[in-house]
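Colleague: Sequence:
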Amino acid sequence: MSTIQKNLKTVQERIRNACLKRAVNLSNIEPRLVAVSKTKPIESIIEAYNCGQRHFGENYVQEIWHFIGHLQRNKVNKLLSIPNLFAVETVDSEKLADALNNYFSKTEDENKKINIFIQVNTSGEESKSGCKPNETCNLVKHIIDNCKHLNVMGLMTIGKYDNYLTSQDKIDPDFQCLIDCKDNICKNLNVTFDQFELSMGMSADFERAILAGSSNVRVGSLIFGGRS
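Everything in the sequence shown is counted per UniProt numbering, starting at 1 for the first residue and increasing by one.
The set of hints was computed from the structure by calculation and includes no laboratory data.
Please note that a few of the clues may not be correct.
As the list claims (entries may be wrong) - Taking lysine to aspartate or glutamate and the EDC-like style, the derived pairs with C-alpha atoms no more than 20 Å apart in a straight line are:
1. Lys170 with Glu207
2. Lys132 with Glu94
3. Lys160 with Asp180
4. Lys112 with Asp145
5. Lys113 with Asp162
6. Lys128 with Asp169
7. Lys9 with Glu43
8. Lys141 with Asp183
Between the sequences and the hints, there should be enough to build the whole structure, so can you do that?
Modeller: Take a look at the structure:
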């Protein structure tokens, strides 16, 4: 058994175990594992694929399935022309949503849709992208009302690393903030709660995120090893 195969098996087991510890009011559906393969050699990605891994996260337009990097509007056409794109997880403004939608409005397929997550800057850090939590509901409403080619799967956040180092016995405040945003959206926009996802949790905190209700975790170094 290869190192990547062992790592994948270990992460998958940890995901399953975390699901078993969830509160009874949370879904028992196993979260989607996005293997963050950015900067890794293609051989490692193929090896993970051959082990059954199907969702991969990339930061750059050239090589993606889940796009998890900051997206500039002038890169939209290049991004959406790439085959096998499952989701763009970093939509954080009406202008970007409109640019994504306009790409498909110019094609012959009127029914074409692309999955997106709204990135929320739950920590308020200037170094991170994402809309403000109090802007999230209005952004989702704008997309529902005006962007027929976009399917809002849910919300995404990158938690503050300091939160991982403290308060391990409590819910991460960034995760709680994203949960509150979801509650507000589902209440005010009549969005089905169980079908609106939360993408939160990475290598250092994915189990904690699952306990809080994450349905999409992004794990890189635990599968492919640390940055070289």
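Colleague: Hinted pair, alpha-carbon criterion (20 Å max): lysine 128, aspartate 169. Please report holds or violated.
Modeller: Cα-Cα ~26 Å, so violated.
Colleague: Starting from lysine 113, check that the Cα of aspartate 162 is at most 20 Å away, please.
Modeller: violated, 37 Å
Colleague: Could you grab the alpha-carbon distance between lysine 9 and glutamate 43 and see if it respects the 20 Å cut-off?
Modeller: Given pair lysine 9, glutamate 43 holds - Cα atoms ~18 Å apart, limit 20 Å.
Colleague: For the pair we were handed, lysine 141 and aspartate 183, check the Cα-Cα distance against 20 Å.
Modeller: holds, 14 Å
Colleague: Are the Cα atoms of lysine 170 and glutamate 207 separated by 20 Å or less?
Modeller: holds, 13 Å
Colleague: For the pair supplied as a hint, lysine 132 and glutamate 94, confirm whether the alpha-carbon distance does not exceed 20 Å.
Modeller: holds, 13 Å
Colleague: Is it true that the CA of lysine 112 sits at most 20 Å from the CA of aspartate 145?
Modeller: The hint holds at about 16 Å.
Colleague: Check the hint pairing lysine 160 with aspartate 180 against an upper bound of 20 Å on the C-alpha distance.
Modeller: Given that 20 Å is the threshold and the Cα spacing comes to 17 Å, the pair holds.
Hint check: violations occur at hints 5, 6; the rest are consistent with the structure.
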